[in-house]
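Using the sequences plus the hints, can you model the full thing?
Residue numbers (our numbering), protein chains in the order written: chain C, -15 to 302; chain B, 613 to 881.
Worth flagging that the hints you see were computed from the coordinates, not collected in a lab. Hints may contain errors.
Claimed, not checked - Mimicking DSSO-like on lysine-lysine, the simulated pairs with C-alpha atoms at most 30 Å apart in a straight line are:
| # | chain 1 | residue 1 | chain 2 | residue 2 |
| --- | --- | --- | --- | --- |
| 1 | B | K858 | C | K298 |
| 2 | B | K873 | C | K206 |
| 3 | C | K262 | C | K101 |
| 4 | B | K647 | C | K279 |
| 5 | C | K279 | B | K866 |
| 6 | C | K93 | B | K728 |
| 7 | C | K126 | C | K28 |
| 8 | B | K873 | C | K264 |
It should be emphasised that the depicted structure is a prediction, and the values quoted were computed from it without experimental measurement.
The primary structure of each chain is shown beneath.
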Amino acid sequence: MIFKGILNGCASNIVAQAEELNGFIREHLSCGDNVGSTIFFYSKKEEKNALLGLVPTESAELIRVARYQPENILKALETVENAEKADLYLFPSGFAGSEIAVRWAYRMKGSCLVQVKQIECSGAQLIAKKTVYANHVLGTFKLTQKPFCISLAKGSADSQAIAVRDKLIVTEHDLTGPQKDQFIKHSKWIPTETTKDLAAATFLIIGGRGMHTKENTQNLKKIADALGADFGVSRPVAMSAWTPMHRMIGVSGAMTNPEVCIVAGVSGAAAFYAGIEKSKTIVAINTDIRAPIIKAADVAVIDDYKAVMAELAKIILD
Amino acid sequence: MNILVCFTTTPEVEMLTDEDWVIDKNLQIDTSFLKPTLDSYDESALEIALKLFDASENIKVPLELNALTIAGSGANIILKTLKALRFKRVVRIDSHEDLRFRPMAVASVLTQYVLKHAPLDVLLLGRQTSIGENTRTHLLVAEMLGWPCITQAIRIELVDRNHLVVTHQMDDGRLRQRIQTPCVLSIGDAPNTYMRVPTLKDRLRSGKRPIEILSIKDFQLSDETEELIDLEVIHHRRAGILIEGKSPEEKARKLYEGHLKGSVPVQER
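Right, dumping it as structure tokens:
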């Protein structure tokens, strides 16, 4: 099978994209007659050499564009890519990967599936698995029309650092010329508030809808800060704007794997649980014994989270 | 500016118990006893459209809201709410087809509707439904229409008849762009977009306007390029040990002594 990874080097998370793709390739495509290459889109000339250290395959194509804009990326792919020569296109998890995967498959008359967790090549078909029903069910799909275009699900593979290659075949294209993205009249990048990457947290305290108010949310964060824990929230809390969106845990937010994860006032929807399921120890504090999180935790306390957390903080700090 | 919000009603699957998750031989899960609700991303799309309508009145830009769903009659209750909330046309394409994993079919129906009912300037959709998790319909509609598409929109501001300012989430930040219509916009995790509730006065005022009903049979449904072949329930189970105690303080102490001591990093003070 001839496969191609497509990475967005215009984004600052390019290392994470490349290591995720590398992990997926090693897990699913490293055996047999599979031959892979990687296409990088990038815009800053000075970052080109760094990209060459992030190639998870034997060869790479570097396509320089003015900036990441889906319409232009698709046009660039149409310019340089012969889809008849590829069986499978792999896109990283994340927004850019999915949006390009779907549109590229449509234009190439191929098959597409996004947020894929596993793949298995089976003759002329590709069998791919992804979650459906709000993360409660694993669906298996058969893709029959090549090229297969899939984007990865967050956490679908363990990221793997890229080994330095002695020999790397590199092709370059410069498509920075005038673009016809006429529908965009003005564009401004907005830096968002950043925090320590929650995916790397070792001790995590997470608040859910059971906190009821923004003030309670801030109070739980203060406890987390005092204990040296990272603080996250479930989707309903983030959607109520009680915290910035980057604190959201789950399939829409951070996928974590801490040593200890304390979840307070969280019901435990499956889409949330996917973000903490790799935790070594999960402690749930909830007033409702029927909440799904209770059976999905290692240890559970049925009580008011405020009183339990206040005492727990006192014990730990003493 | 004419805006069409395409939305889905969906069973609230978080209400299902472990025993309810049964997959039959046709790869169906019985959710018929659950009340249909708005899918969360679609709810955000509808509320963002209503905020645009509010803004249009303030800056005197004519704006028309329309809503469309492909569903059975169970969706009528939501369509009536939208009528009361000042959506001018509310349309249901009557369907009992299994469209859970058919984004190409859904996109083809939406595309035909848009082309037949032109001029529409903006299509707003939630980024995905919770059942299918396809995350493809908005992108396929854009491709079929030949319109540009911005995904993960979290805020939309009205500029004039032909222009919007769209703030959308990227993988490493946010972009605020002034764009020209027509376009397809998909809504991501947009805070503060729970849909408003109409007043009784609103409901009475909108009462006589009909819900337009079309039939799915009048549309050509595109074939999918992938096929669902199996479903398997994911069980999230751990020990679930309950900490007993007479007070929160006692439970906290037992939790710490029995399960957290040595695991929780101690802060240097």
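Hints versus structure:
1. K858(B) - K298(C): Holds, at roughly 18 Å.
2. K873(B) - K206(C): holds (21 Å)
3. K262(C) - K101(C): holds (15 Å)
4. K647(B) - K279(C): holds (25 Å)
5. K279(C) - K866(B): At roughly 19 Å apart (the allowed maximum being 30 Å), K866(B) and K279(C) satisfy the hint.
6. K93(C) - K728(B): holds (25 Å)
7. K126(C) - K28(C): violated (39 Å)
8. K873(B) - K264(C): Distance ~14 Å between K873(B) and K264(C) Cα, so the pair holds.
Going down the numbered hints, you'll see the structure goes against just number 7.
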